[in-house]
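There are 2 protein chains.
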Amino acid sequence: MAHHESAKVRKAIEAANAEFMSLFSQGDAAGMAAAYTEGGQVLPPNGDAVTGKQAIQAFWQGIMDAGIKGVQLATVEAEGQGPTAYEVGRYTLSDASGEVVDTGKYVVIWKQEDGHWKLHRDIFNSSRPAPGQ
Amino acid sequence: MAHHESAKVRKAIEAANAEFMSLFSQGDAAGMAAAYTEGGQVLPPNGDAVTGKQAIQAFWQGIMDAGIKGVQLATVEAEGQGPTAYEVGRYTLSDASGEVVDTGKYVVIWKQEDGHWKLHRDIFNSSRPAPGQ
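Protein sequences, first through last, are from chains A and B. My numbering applies: residue 1 is where the first sequence begins, and numbers increase by one. My numbering applies: residue 1 is where the second sequence begins, and numbers increase by one.
In isolation and in its complexed conformation, chain A is listed as follows (with noise of 0.2 angstroms):
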């Protein structure tokens, strides 16, 4: 029952990160906020939480104004517990010429709302090592 759920729930996850992808190609930075929940959170490397569709829009649009121009998600597990899901995932970011410019890893808490699964609490790091380490 579990697992039926869990293998429902990581489709789901796969198919809105599919979508989040998509939306990131295209720089569109408010369809991407439009993923996340009413009160939904990005809690990204140096920088403090970013609360709400607003923000996190302005959030994105920096990211894509910095040169950033790709992401990559790959869902390592997801498990859904009723209306909530956690995800382990991978990321990677390219730029403009598609070289990688940054890979790591994420914990996404997922909520549904309005019937859709949403980004609800979303915080990442890299794996790279530290500037100069």
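Nothing false has been slipped in among the hints.
If several chains are the same, the list does not tell them apart, and a pair holds so long as it fits within one copy or across any two.
The list that follows gives simulated cross-link-like pairs (lysine-lysine, DSBU-like), each with its CA atoms no further than 30 angstroms apart:
{"id": "1", "residue 1": "K111", "residue 2": "K69"}
{"id": "2", "residue 1": "K111", "residue 2": "K11"}
{"id": "3", "residue 1": "K118", "residue 2": "K8"}
It should be emphasised that the hints constitute simulated quantities derived from the structure, not laboratory data. In this text the structure is predicted, and so the values were computed from the model without any measurement.
Starting from the known structure of chain A, arrange chain B on it as the hints suggest.
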């Protein structure tokens, strides 16, 4: 019901965090590793995923050997669904003189194991600017 459950879960998580902080201050990396599930995982910045108690013990020992002598964990939110819970929190790391050397945020996926809440997935990042930025 869900709120009641989450209040109970939050209390249990805060108690587990108090124990974690105490173990850290005693330099007990093995005790810290025992707070994770079998197959538990730390997803640290600037490195690969650290999986299993032995590797987690070595990871925390390395942090202590690098001069970090204290950790403060403050739960911002905790929500449980059955045997799984997620927590969002803030951390502070300090050195032997008590000086704060890093502050950041974390998400922990907790799982019930042997009747105890244990850390299952543990990801965090600094809120401070990246070195050289």
